[in-house]
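Residue strings, one per chain:
Number of protein chains: 2
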Amino acid sequence: MSEKETEISQLGEFGLIDHITEGLKSVNDTTACAVGDDCAILNYPADRDILVTTDLLLENVHFDLTYVPLKHLGYKAAVVNFSDVCAMNGYPRQITVSLGISKRFTVEHIEALYAGIRIACEQYGVDIVGGDTSSSNQGLVISITCIGEAPNGKAVKRSTAHDTDLICVSGDLGAAYMGLQLLEREKAASAGRSDFEPDFAGKEYLVERQLKPEARIDIVRELAEKGIVPTSMIDISDGLSSELLHICKMSDTGCRIYEDRIPIDYQTAVMAEELNMNLVTAALNGGEDYELLFTVPLTDHDKVKELKGVHVIGYVTKPELGCAMITRDGAEFPLRAQGWNPLAEGNEDKSLKVEK
Amino acid sequence: MSEKETEISQLGEFGLIDHITEGLKSVNDTTACAVGDDCAILNYPADRDILVTTDLLLENVHFDLTYVPLKHLGYKAAVVNFSDVCAMNGYPRQITVSLGISKRFTVEHIEALYAGIRIACEQYGVDIVGGDTSSSNQGLVISITCIGEAPNGKAVKRSTAHDTDLICVSGDLGAAYMGLQLLEREKAASAGRSDFEPDFAGKEYLVERQLKPEARIDIVRELAEKGIVPTSMIDISDGLSSELLHICKMSDTGCRIYEDRIPIDYQTAVMAEELNMNLVTAALNGGEDYELLFTVPLTDHDKVKELKGVHVIGYVTKPELGCAMITRDGAEFPLRAQGWNPLAEGNEDKSLKVEK
Numbered sequence: 000m001s002e003k004e005t006e007i008s009q010l011g012e013f014g015l016i017d018h019i020t021e022g023l024k025s026v027n028d029t030t031a032c033a034v035g036d037d038c039a040i041l042n043y044p045a046d047r048d049i050l051v052t053t054d055l056l057l058e059n060v061h062f063d064l065t066y067v068p069l070k071h072l073g074y075k076a077a078v079v080n081f082s083d084v085c086a087m088n089g090y091p092r093q094i095t096v097s098l099g100i101s102k103r104f105t106v107e108h109i110e111a112l113y114a115g116i117r118i119a120c121e122q123y124g125v126d127i128v129g130g131d132t133s134s135s136n137q138g139l140v141i142s143i144t145c146i147g148e149a150p151n152g153k154a155v156k157r158s159t160a161h162d163t164d165l166i167c168v169s170g171d172l173g174a175a176y177m178g179l180q181l182l183e184r185e186k187a188a189s190a191g192r193s194d195f196e197p198d199f200a201g202k203e204y205l206v207e208r209q210l211k212p213e214a215r216i217d218i219v220r221e222l223a224e225k226g227i228v229p230t231s232m233i234d235i236s237d238g239l240s241s242e243l244l245h246i247c248k249m250s251d252t253g254c255r256i257y258e259d260r261i262p263i264d265y266q267t268a269v270m271a272e273e274l275n276m277n278l279v280t281a282a283l284n285g286g287e288d289y290e291l292l293f294t295v296p297l298t299d300h301d302k303v304k305e306l307k308g309v310h311v312i313g314y315v316t317k318p319e320l321g322c323a324m325i326t327r328d329g330a331e332f333p334l335r336a337q338g339w340n341p342l343a344e345g346n347e348d349k350s351l352k353v354e355k
Numbered sequence: 000m001s002e003k004e005t006e007i008s009q010l011g012e013f014g015l016i017d018h019i020t021e022g023l024k025s026v027n028d029t030t031a032c033a034v035g036d037d038c039a040i041l042n043y044p045a046d047r048d049i050l051v052t053t054d055l056l057l058e059n060v061h062f063d064l065t066y067v068p069l070k071h072l073g074y075k076a077a078v079v080n081f082s083d084v085c086a087m088n089g090y091p092r093q094i095t096v097s098l099g100i101s102k103r104f105t106v107e108h109i110e111a112l113y114a115g116i117r118i119a120c121e122q123y124g125v126d127i128v129g130g131d132t133s134s135s136n137q138g139l140v141i142s143i144t145c146i147g148e149a150p151n152g153k154a155v156k157r158s159t160a161h162d163t164d165l166i167c168v169s170g171d172l173g174a175a176y177m178g179l180q181l182l183e184r185e186k187a188a189s190a191g192r193s194d195f196e197p198d199f200a201g202k203e204y205l206v207e208r209q210l211k212p213e214a215r216i217d218i219v220r221e222l223a224e225k226g227i228v229p230t231s232m233i234d235i236s237d238g239l240s241s242e243l244l245h246i247c248k249m250s251d252t253g254c255r256i257y258e259d260r261i262p263i264d265y266q267t268a269v270m271a272e273e274l275n276m277n278l279v280t281a282a283l284n285g286g287e288d289y290e291l292l293f294t295v296p297l298t299d300h301d302k303v304k305e306l307k308g309v310h311v312i313g314y315v316t317k318p319e320l321g322c323a324m325i326t327r328d329g330a331e332f333p334l335r336a337q338g339w340n341p342l343a344e345g346n347e348d349k350s351l352k353v354e355k
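Chains as they are written, first to last, in numbering that gives the first Met the number 0: chain A, 0 to 355; chain B, 0 to 355.
Excised from the complex, chain A in its bound form (with noise of 0.2 Å):
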């Protein structure tokens, strides 16, 4: 801790929650009452759909403050928070923020993650009304809880997808996962030696894709402009296969994706390339892209066909048909749920099991 560095005993609890909350102004609405009582009031009209969802992220499980600067661990907090609601076919519109911290942060390192925080709300429209403060002797400890909104009975679930419908994804996939990779290897070359720069040159894409990831609120809107209702949707956080998986396991039907539409950056394919890892693994399996993956009627080919930035991939099948990627030379290679799954054996190393 520098001399210029605050220490967060001298404010205390109430002290810390009314420096980070000062100034905060809601912009919704359905925002009636934020900071400062036992609970935050909303108020939602009747012909809306209450939407919530709640991220749990803990140092050196989800995050290392090694090569993640708190604002941005702040701004990604958040925005995978949004990301969730965007998933229902929704809006984010408040979150509950909870801090553990623990005695090596100062006022200032928690200042600059509440400003990421302050920002992502800022970029997408969200009102930051509540939260819990504590001190941690476990490192830092961030649970945020996310409310959006939906109009009635619109919300689109994973467990809705039909037959014959259509597999779409927005984006690219794979980047924030090869992003992780690069951080990683900077991280070990820069091991004991305090002179290091550490080299994104040409891999700017990738680094951002893991450190300010994005929720899709944009393709949520330009869906509701175009008038397509996804019959299912979900976003991408654990690896394209565990998500599709889990859409046709709650739907109960199958699947075909092709693998030559898998939209894939021309960067991420020279990351695998210097990594000797296979491409179409990592996109697969390599989770926190944080797009949307849904399904529409075969019916809207043509609709999504104008939508910016987003592929159709495959088709939905009847659920005996299984779940499978036909391959570039046309054989049949059935999806596996390997993305990162917090609970497993050996995944402390928060690395991911994408198989060459």
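Warning: the hint list may mix true and false statements.
Since copy identity is lost for identical chains, a pair holds within one copy or between any two.
Stated by the list, open to error - Simulated pairs of lysine-lysine, DSS-like, Cα-Cα distance not exceeding 27 Å:
no.	residue 1	residue 2
1	102	186
2	317	304
3	211	302
4	304	70
5	317	3
6	153	102
7	24	248
8	202	225
9	70	302
10	70	225
11	225	186
12	248	186
13	302	102
14	24	102
15	186	304
Just so you know, these hints were derived from the structure itself, not from any lab.
All values reported here derive from a predicted model rather than from experimental measurement.
Starting from the known structure of chain A, fit chain B onto it as the hints suggest.
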């Protein structure tokens, strides 16, 4: 871990979630869709205000598993959130439960914890609608968000007490704190002794107040039945002094409370005597009683007297008079917030700064 216990890695994240949420049924009309998707879907009528609160509980900061059974911990973790909703004069309806679980916990441990949460939810008519589950390398982390309701505009804030209002408190104070002292004493006495049997004879009430607190939803119901709308309300989690100062600061008022009116149980008094502690200080500053502290207009005096287990302990004054307790001998003793501050130095041992 005994032979009969199951490692969590055998189930993985999704397996564990499926296991612990098995057979969950929603009892509230406002719960349209509970666990199993990116978000829960709630549907509240427009004449309801929606209340949102959240609490983060960390092992060895907020609880000590040496003497807190996991089932009790689960119950308490849920109830403290319900209490925040009751503190707005509202009714809890839904919760999300996020858990960070370290390696030393087995599936059976998490079953016990979750059983406590489920019992609390059944008891209070609350639905579990979502959550997040992750590994932790930092001990147990529990983050619960509760959503509740109150009729439009009827949620009671902290900031709306008025000069001359009566100050009321439910139940009795200081018992949960004395229960903690007792548990800590028995823990110290048991150190290194495998044959040790803790002695709680005659102090069962104190242990229960600490390990199994209740949210005063009965008081919220009774207030509604009697047509009493408090002018301000808060729940006592950090101690009477601290909460009263919150109300007075936010309402821009002062207050006077009478030492001899503070409700204290006989067991609390005996324990304070045994530990050579100042009883009133413990009742003023001991936290975790989760009783309701509220103010009512002077004209409600007769109605309030009919409320079972509610005591009028003083009155609200103009702000310039400050906040004070009038002692038995008629002296004025300024109130100070000495409640547990989890972000202050020297509080790692979880002990309150209760002074003689």
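Results of checking the hints against the structure:
Taking the closest pair of Cα atoms, residue 102 and residue 186 come within 27 Å of each other both inside a single copy (24 Å) and across two copies (26 Å). Taking CA atoms no more than 27 Å apart as the test, residue 317 paired with residue 304 passes inside one copy only; the shortest distance there is 24 Å, against 67 Å between copies. For the identical chains of this complex, residue 211 and residue 302 are neighbours neither inside a copy (30 Å) nor across copies (57 Å), given an alpha-carbon limit of 27 Å. When the C-alpha separation of residue 304 and residue 70 is checked against a cutoff of 27 Å, the pair qualifies neither within a copy, at 36 Å, nor between copies, at 53 Å.
When the C-alpha separation of residue 317 and residue 3 is checked against a cutoff of 27 Å, the pair qualifies neither within a copy, at 64 Å, nor between copies, at 40 Å. Proximity of residue 153 and residue 102 under a CA criterion of 27 Å is satisfied in neither setting, with 45 Å inside one chain copy and 40 Å between copies. For the homomeric pair residue 24 and residue 248, the shortest alpha-carbon distance between copies (21 Å) is at most 27 Å, but the shortest distance inside one copy (42 Å) is not. For a Cα distance limit of 27 Å, the shortest separation of residue 202 from residue 225 qualifies neither inside one copy, at 34 Å, nor across copies, at 67 Å.
Taking identical chains as interchangeable, the C-alpha atoms of residue 70 and residue 302 are never at most 27 Å apart, the minima being 38 Å within one chain and 53 Å between chains. In the homo-oligomer, the alpha carbons of residue 70 and residue 225 never lie at most 27 Å apart, since the shortest distance is 35 Å inside one protomer and 50 Å across protomers. For the homomeric pair residue 225 and residue 186, neither the shortest alpha-carbon distance inside one copy (44 Å) nor that between copies (65 Å) is at most 27 Å. Taking CA atoms no more than 27 Å apart as the test, residue 248 paired with residue 186 passes in neither setting, with 38 Å inside one copy and 49 Å between copies.
For a Cα distance limit of 27 Å, the shortest separation of residue 302 from residue 102 qualifies neither inside one copy, at 54 Å, nor across copies, at 49 Å. Proximity of residue 24 and residue 102 under a CA criterion of 27 Å is satisfied in neither setting, with 30 Å inside one chain copy and 41 Å between copies. For a Cα distance limit of 27 Å, the shortest separation of residue 186 from residue 304 qualifies neither inside one copy, at 41 Å, nor across copies, at 67 Å.
In the structure shown, a violation is registered for the earlier hints numbered 3, 4, 5, 6, 8, 9, 10, 11, 12, 13, 14, 15, in ascending order.
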